[in-house]
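There are 2 protein chains.
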Amino acid sequence: MKAVGLVVEYNPFHNGHRYHLQQAQEITGADVTVAVMSGNFTQRGEPTIVDKWSRAAAAVANGVDLVVELPLFYAVQPAHRFAAGALRLLSSLGVQSIVFGAEHPQWNFQRLVKAEELFNQESFNKYNATYATQFNQQLKAQTGVTLVDPNDILAFAYTKATMQNDYPFELIPIQRQGSNYHDNTITGKIASASAIRDALVANNDLYRQAVPQTMADSLAQVKAVPSWQSLYPLLRNQLIQAPISYLQSTYLMAEGLEYRMKEAAQRSLDFAAFMKYTKTKRYTYAHLLRVSLYTLLQVSQKEVQMHTQSPYLHVLAFNQRGREYLHQVKKQVEIPLITKVDQGLRDSLLNLDYRAGKLYQSFTSIEQDLKHPPVIIN
Amino acid sequence: MKAVGLVVEYNPFHNGHRYHLQQAQEITGADVTVAVMSGNFTQRGEPTIVDKWSRAAAAVANGVDLVVELPLFYAVQPAHRFAAGALRLLSSLGVQSIVFGAEHPQWNFQRLVKAEELFNQESFNKYNATYATQFNQQLKAQTGVTLVDPNDILAFAYTKATMQNDYPFELIPIQRQGSNYHDNTITGKIASASAIRDALVANNDLYRQAVPQTMADSLAQVKAVPSWQSLYPLLRNQLIQAPISYLQSTYLMAEGLEYRMKEAAQRSLDFAAFMKYTKTKRYTYAHLLRVSLYTLLQVSQKEVQMHTQSPYLHVLAFNQRGREYLHQVKKQVEIPLITKVDQGLRDSLLNLDYRAGKLYQSFTSIEQDLKHPPVIIN
Chain E
1 MKAVGLVVEY NPFHNGHRYH LQQAQEITGA DVTVAVMSGN FTQRGEPTIV DKWSRAAAAV
61 ANGVDLVVEL PLFYAVQPAH RFAAGALRLL SSLGVQSIVF GAEHPQWNFQ RLVKAEELFN
121 QESFNKYNAT YATQFNQQLK AQTGVTLVDP NDILAFAYTK ATMQNDYPFE LIPIQRQGSN
181 YHDNTITGKI ASASAIRDAL VANNDLYRQA VPQTMADSLA QVKAVPSWQS LYPLLRNQLI
241 QAPISYLQST YLMAEGLEYR MKEAAQRSLD FAAFMKYTKT KRYTYAHLLR VSLYTLLQVS
301 QKEVQMHTQS PYLHVLAFNQ RGREYLHQVK KQVEIPLITK VDQGLRDSLL NLDYRAGKLY
361 QSFTSIEQDL KHPPVIIN
Chain L
1 MKAVGLVVEY NPFHNGHRYH LQQAQEITGA DVTVAVMSGN FTQRGEPTIV DKWSRAAAAV
61 ANGVDLVVEL PLFYAVQPAH RFAAGALRLL SSLGVQSIVF GAEHPQWNFQ RLVKAEELFN
121 QESFNKYNAT YATQFNQQLK AQTGVTLVDP NDILAFAYTK ATMQNDYPFE LIPIQRQGSN
181 YHDNTITGKI ASASAIRDAL VANNDLYRQA VPQTMADSLA QVKAVPSWQS LYPLLRNQLI
241 QAPISYLQST YLMAEGLEYR MKEAAQRSLD FAAFMKYTKT KRYTYAHLLR VSLYTLLQVS
301 QKEVQMHTQS PYLHVLAFNQ RGREYLHQVK KQVEIPLITK VDQGLRDSLL NLDYRAGKLY
361 QSFTSIEQDL KHPPVIIN
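Here the protein sequences come in this chain order: E and L.
One point on numbering: in full-length UniProt numbering, the residue at position 231 of the first sequence is 231, and numbering is uninterrupted.
One point on numbering: in full-length UniProt numbering, the residue at position 176 of the second sequence is 176, and numbering is uninterrupted.
It is worth saying that the hints were derived from the structure and are not from the lab.
Watch out, some of these pointers could steer you wrong.
Note: identical chains are not told apart, hence a pair may lie in one copy or across any two.
To be verified - For lysine to any residue, the following SDA-like pairs were computed, each having C-alpha atoms within a straight-line distance of at most 20 Å: (1) Lys302 x Tyr246; (2) Lys262 x Gln343; (3) Lys302 x Leu247; (4) Lys262 x Leu370; (5) Lys262 x Ser300; (6) Lys302 x Ile244; (7) Lys114 x Asn151; (8) Lys279 x Glu255; (9) Lys262 x Leu235; (10) Lys262 x Asp342; (11) Lys262 x Glu367; (12) Lys302 x Ser245; (13) Lys281 x Met253; (14) Lys223 x Thr364; (15) Lys371 x Ala264; (16) Lys371 x Ile240; (17) Lys262 x Asp347; (18) Lys302 x Ile240; (19) Lys371 x Arg267; (20) Lys262 x Ser348; (21) Lys2 x Glu334.
Based on the provided sequences and hints, a complete structural model is requested.
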C-alpha cells in the first residue's frame with residue numbers, strides 16, 4: 001500500500017481540511033492517508049477546542065485512514081522543530097509523499113533552505129527583535145524572499161527537515177484554499193479554523209456550515225471553550241511559588257525571562273494583564289504561550305532532550321484501511337507503536353503527553369490517555 | 001505597661017472571643033492586650049473565612065490593643081510547634097502573662113509535661129496510628145490522663161514551651177465558655193467558630209447574632225467561602241506535574257506520602273475524592289491538609305528550618321494603647337518589628353507569608369502583604 005502523509009492540527013477538523021485531504025489523495029494516487037496530528041495543545045501552546053480523540057475521530061469519519069499523535073515535545077514548538085518531529089514520525093510510518101498547504105506553493109523551497117547556509121549566525125543576538133524577524137532580514141538579503149505566512153514557514157521547515165535527514169519523501173506543496181488563516185468571518189462552507197473557534201466562543205452557530213457533521217456534534221458539546229484565561233490561576237501560582245532556580249530549569253526559559261514572568265504573575269490576576277506585562281519585542285506571543293505551557297507542565301530542558309531522542313507512535317484513530325496499513329508497516333517501524341497507554345508507559349515514554357492530558361482534563365473531566373483505546377471507525 | 005498575651009485564630013472573631021478577652025483583662029489587671037494571630041491559613045492548614053486584616057481589625061475594634069501575625073511556618077503546624085512559635089513572639093513582645101482557654105483548666109499541665117520525659121520514644125514508630133494516639137497511650141500509662149480536647153492539647157503545648165525556654169510568663173488557663181468547638185448549632189450569642197462558618201456557608205444569617213458588628217460586616221462581604229475545594233485544581237496540577245524528587249523535598253512530606261498523593265491527584269477531580277484516597281490511619285486529616293498547603297506553596301524542609309530560626313513581628317492592627325505599647329517595647333525587641341512589607345522583605349524574611357498571601361488573593365483579589373499598612377483604630 002502506498003501512503004500519503006499529512007501534518008495537521010485539525011483544531012477543529014473543517015471542510016477545508018476535507019478538501020485538502022481529497023486533493024492529497026487525487027494528486028498522489030495513494031491507497032492510504034496517514035495524518036500526524038497535534039494532541040491537546042497546539043503548536044502555539046494553546047489548548048485545543050476539543051480533545052484529540054474527538055478531532056481524530058472526526059478526521060477518520062471524513063476520510064483520513066490513520067491518525068497518530070504528534071507528541072507534545074514535538075508539537076508545541078516553533079515551526080522547524082514541529083516540522084522535524086512530524087516528519088520523523090511520517091518517515092517511521094513509511095509514507096511516500098507528504099502534501100501540505102502553502103501560501104506560495106510555486107516557490108523553490110529547496111533554494112531557500114540552501115540560502116540559509118550562508119547566513120551570518122552571529123547576527124542573531126539582537127535582543128530587541130524576534131528570531132523570525134532576524135531570520136527574514138538575512139533571507140531577504142540572500143534571496144529577495146521573506147517567509148511571513150505561517151504555511152510558507154512550515155513548507156520551508158518540511159523541506160529543510162527532508163533535506164537534512166535525506167528522507168525519501170516526495171514533498172508536494174499545494175495552494176491553500178478559501179479563507180486566509182487570519183480571516184475571521186464565516187461566509188461559506190470553507191472557513192479558517194480560527195474563524196470557526198471565534199464563532200464557537202461567540203455562540204454563533206454559523207460555524208456549523210464550515211465543519212462536517214461529526215465535528216459539529218463534538219463542538220456542540222463544548223461548554224466552556226478551553227483557554228489560557230482559565231489555565232492562568234495554575235500558571236500564576238506556579239510562577240509565584242516555585243523558586244527562581246526551579247523556573248530556570250524550564251524548557252525554553254532563558255535570558256532572565258523567569259524573573260519577568262514571576263513579577264508579571266505577582267502583579268496580574270488575569271492572563272491578559274500577565275501577557276501584557278511579559279511581552280517584549282524579543283519574543284513572539286506564541287513563544288510566550290509555549291514557555292507558559294512548559295512552566296505549567298514543569299518540563300525541564302533535560303526532559304525534552306530525553307524525549308526528543310525517544311519518539312514513538314501513539315495511534316489515536318483508524319479505519320479498516322488504516323488497520324491494514326498498520327499491519328503492513330508494524331514489522332519495519334523502528335520506534336514503539338502504541339495503541340494503549342498502560343501504567344508503565346504513563347510513567348516513562350508517554351509521561352509528558354500523559355501530564356498534558358491531565359492538565360487538559362481540567363476542561364473536560366475526561367481521562368485522556370491511561371487505558372484509552374484508539375477510536376476505530378469502520 | 002503590663003501586657004497580657006493571647007494566642008488566637010479569630011476565624012472569625014466572635015462573641016466568645018470577646019468574653020475571653022474581657023476575662024483575660026480582669027484576671028490579670030493588664031494595661032494592654034496583645035494577640036498573636038494566625039494569618040490567612042489556620043493551624044489545620046485551611047484558608048481562613050476572611051483575610052487576616054479584616055480579622056485583626058475586628059479584634060482591635062472589640063478591645064484587643066495590638067495584633068501581630070503568627071507567620072505561616074509557625075501557624076500551620078501541629079499544636080506543639082504552633083504553641084512554641086506563638087510563645088516565641090509573645091516573649092519578644094515582653095508580655096507578663098498568657099491567658100488561654102482549656103477544656104480542663106484544673107489540670108496540672110506541668111505534671112503532664114514532666115511525665116512526657118519518661119516516654120519510650122522508640123515506640124512512636126507504629127505506622128497504623130497517628131502520633132497523637134501513640135502519645136496518649138503513653139500519657140495515660142504514666143498519668144491516667146489523655147489529651148483529647150483541642151484546647152487541652154494547646155494548654156499542654158504552651159506549658160511545655162514555657163518550661164523548655166524558661167519564659168517568665170504566668171500561664172493562666174481558663175474554662176472555655178459556651179458551645180463546644182465541635183458543636184455546630186447556633187442557639188445564643190455564643191457559638192463556636194466552626195458553627196459560625198457552617199452557617200455562613202449555608203447562607204444562614206443566624207451567624208450574625210454570634211459575632212460583633214464589625215465582623216458581621218466583613219462576613220457579609222464574603223461571596224464564595226475560601227475552601228480547599230476551590231484550591232484543589234492548583235494542588236492537583238502541582239502533584240501531577242512536579243517530579244517525585246521535587247515533591248519529596250516538601251516540608252512534612254515523608255514515608256512515601258508523595259507517591260500516594262501523586263496517585264490520588266491523578267485519580268481525583270475533586271478534593272473530597274483526593275482526601276478519601278490519601279487518608280490512612282497514620283495521618284490525621286489536619287496533617288494531610290498541612291502537607292497539601294506546603295505542597296501548594298512549594299515549601300521545602302530547608303526553607304522552614306531557615307525561617308523558623310528567623311522570626312519576626314509583623315504588626316497587623318493596633319489602637320492607641322497598642323501604639324504606646326509598641327513604642328515602649330520596640331527598643332528591647334530583639335527580632336525585626338515590621339509594620340510595612342517592602343520589596344526587600346517580600347523577597348527575603350517575609351517571602352513565605354507573601355506567597356501564602358498571593359495564594360489567598362485568589363479568593364479575594366486583594367493584595368495581602370506588599371505595602372499593606374497596619375490597620376489603626378482609634
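Status of the hints after comparison with the structure:
no.	hint	verdict
1	Lys302 x Tyr246	both (13 Å within a copy, 15 Å between copies)
2	Lys262 x Gln343	between (34 Å within a copy, 13 Å between copies)
3	Lys302 x Leu247	both (13 Å within a copy, 18 Å between copies)
4	Lys262 x Leu370	between (33 Å within a copy, 15 Å between copies)
5	Lys262 x Ser300	both (17 Å within a copy, 19 Å between copies)
6	Lys302 x Ile244	both (17 Å within a copy, 16 Å between copies)
7	Lys114 x Asn151	within (19 Å within a copy, 78 Å between copies)
8	Lys279 x Glu255	within (14 Å within a copy, 43 Å between copies)
9	Lys262 x Leu235	both (10 Å within a copy, 19 Å between copies)
10	Lys262 x Asp342	between (36 Å within a copy, 17 Å between copies)
11	Lys262 x Glu367	between (31 Å within a copy, 16 Å between copies)
12	Lys302 x Ser245	both (15 Å within a copy, 15 Å between copies)
13	Lys281 x Met253	within (16 Å within a copy, 42 Å between copies)
14	Lys223 x Thr364	within (9 Å within a copy, 26 Å between copies)
15	Lys371 x Ala264	between (39 Å within a copy, 17 Å between copies)
16	Lys371 x Ile240	between (34 Å within a copy, 17 Å between copies)
17	Lys262 x Asp347	between (29 Å within a copy, 12 Å between copies)
18	Lys302 x Ile240	between (23 Å within a copy, 18 Å between copies)
19	Lys371 x Arg267	between (41 Å within a copy, 13 Å between copies)
20	Lys262 x Ser348	between (30 Å within a copy, 15 Å between copies)
21	Lys2 x Glu334	within (19 Å within a copy, 81 Å between copies)
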